[in-house]
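A.B. asks: Listed here are the chains, written in short residue letters.
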Amino acid sequence: GAVVSQHPSRVICKSGTSVKIECRSLDFQATTMFWYRQFPKQSLMLMATSNEGSKATYEQGVEKDKFLINHASLTLSTLTVTSAHPEDSSFYICSARGSPGQANTGELFFGEGSRLTVL
Amino acid sequence: QKEVEQDPGPLSVPEGAIVSLNCTYSNSAFQYFMWYRQYSRKGPELLMYTYSSGNKEDGRFTAQVDKSSKYISLFIRDSQPSDSATYLCAMRGLSGGSNYKLTFGKGTLLTVNP
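Protein sequence lines, in the order shown, are assigned to chains A and B.
For the first sequence, the working numbering assigns the number 1 to the initial residue and increments by one for each residue that follows.
For the second sequence, the working numbering assigns the number 1001 to the initial residue and increments by one for each residue that follows.
It cannot be assumed that every hint is accurate.
To be verified - Just a sample of chain B residues kept apart from chain A, beta carbon distances all over 10 Å, derived: (1) M1034; (2) R1041; (3) K1042; (4) E1045; (5) S1052; (6) N1055; (7) E1057; (8) G1059; (9) R1060; (10) Q1080; (11) S1084; (12) T1103; (13) F1104; (14) G1105; (15) T1111.
Claimed, not checked - In silico lysine-lysine, DSS-like type, Cα no more than 30 Å apart, as pairs: (16) B/K1070 x B/K1056; (17) A/K14 x A/K66; (18) B/K1101 x A/K66; (19) A/K20 x A/K64; (20) A/K66 x B/K1002; (21) A/K55 x B/K1101; (22) B/K1067 x B/K1106; (23) B/K1056 x B/K1042; (24) B/K1042 x B/K1002; (25) A/K55 x B/K1067; (26) A/K20 x B/K1056; (27) A/K20 x B/K1070; (28) B/K1042 x B/K1101; (29) B/K1067 x A/K41; (30) A/K41 x B/K1002; (31) B/K1002 x A/K55; (32) B/K1070 x A/K55; (33) A/K66 x A/K55; (34) B/K1106 x B/K1002; (35) B/K1042 x A/K66; (36) B/K1106 x A/K66.
Said to hold, decoys possible - Computed spacing ranges between beta-carbons, pair by pair: (37) B/E1003 x A/F39: 10 to 20 Å; (38) A/N70 x B/S1026: 32 to 42 Å; (39) B/E1057 x A/A72: 35 to 45 Å; (40) A/H7 x B/E1003: 30 to 40 Å.
Everything labelled a hint here was simulated from the structure, so no lab data went into it.
All C-beta atoms in this analysis are idealised placements derived from N, C-alpha and C, irrespective of residue type, glycine included.
Please put together the full structure from these sequences, using the hints given.
C.D. replies: The structure is reproduced here in structure tokens:
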């Protein structure tokens, strides 16, 4: 299957700093990428949908000024957690969907996740 | 009521057992159903993807969908220790665009003991 690479896999930062997480589709062009957040023993919660070249659509309750999403190209989306606080510590996972016309158009490919710890 | 309900377990079975994992949902707009496997500290991996009611088989895995009852299942035959993971059901509506976003169940933690 298609490969989605996420970096870094783990990051520890001090409270008040900003952290950027990258999500790349390695062997296909991703017109749409999704960013999820997962707390321990909890399900994936969708944070935002990002479409290449346009503004991200945020889910209710997600602060767009805190979680900045940029989808500047068909293979890269970034999530920046600004002014991180300990409550932002979580597992962040991106997923990508290819362009229409690919088989299994409902299929999303997930990155390996990025574990953020804010001290 | 949550849109998708999934028993979080944990579920512990001996090697070789048949495992049954289930989800119920309330939103009749959901048309596509998936099962993902997630190992600890990893991203989810797609196992099965179904649209129609009925059964779909892939190796040791069988996905079953009953839209009339809003109930989906994943069966694992001849379970192996390597099947130990969290299994997440996911579903979405028919339309494109933002409706490609998935709604996930909470996940069931499965342990297969050698």
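A.B. asks: All hints are to be evaluated individually against the structure, with a verdict given for each.
C.D. replies: Checked hints:
no. : hint                        : verdict
1   : M1034                       : 7 Å, violated
2   : R1041                       : 7 Å, violated
3   : K1042                       : 6 Å, violated
4   : E1045                       : 7 Å, violated
5   : S1052                       : 13 Å, holds
6   : N1055                       : 18 Å, holds
7   : E1057                       : 16 Å, holds
8   : G1059                       : 15 Å, holds
9   : R1060                       : 18 Å, holds
10  : Q1080                       : 21 Å, holds
11  : S1084                       : 15 Å, holds
12  : T1103                       : 8 Å, violated
13  : F1104                       : 4 Å, violated
14  : G1105                       : 6 Å, violated
15  : T1111                       : 14 Å, holds
16  : B/K1070 x B/K1056           : 16 Å, holds
17  : A/K14 x A/K66               : 16 Å, holds
18  : B/K1101 x A/K66             : 21 Å, holds
19  : A/K20 x A/K64               : 14 Å, holds
20  : A/K66 x B/K1002             : 27 Å, holds
21  : A/K55 x B/K1101             : 16 Å, holds
22  : B/K1067 x B/K1106           : 20 Å, holds
23  : B/K1056 x B/K1042           : 26 Å, holds
24  : B/K1042 x B/K1002           : 25 Å, holds
25  : A/K55 x B/K1067             : 35 Å, violated
26  : A/K20 x B/K1056             : 40 Å, violated
27  : A/K20 x B/K1070             : 39 Å, violated
28  : B/K1042 x B/K1101           : 20 Å, holds
29  : B/K1067 x A/K41             : 27 Å, holds
30  : A/K41 x B/K1002             : 17 Å, holds
31  : B/K1002 x A/K55             : 29 Å, holds
32  : B/K1070 x A/K55             : 34 Å, violated
33  : A/K66 x A/K55               : 15 Å, holds
34  : B/K1106 x B/K1002           : 10 Å, holds
35  : B/K1042 x A/K66             : 24 Å, holds
36  : B/K1106 x A/K66             : 25 Å, holds
37  : B/E1003 x A/F39: 10 to 20 Å : 18 Å, holds
38  : A/N70 x B/S1026: 32 to 42 Å : 35 Å, holds
39  : B/E1057 x A/A72: 35 to 45 Å : 41 Å, holds
40  : A/H7 x B/E1003: 30 to 40 Å  : 32 Å, holds
The structure fails to meet hints 1, 2, 3, 4, 12, 13, 14, 25, 26, 27, 32 from the earlier list, while all remaining hints are met.
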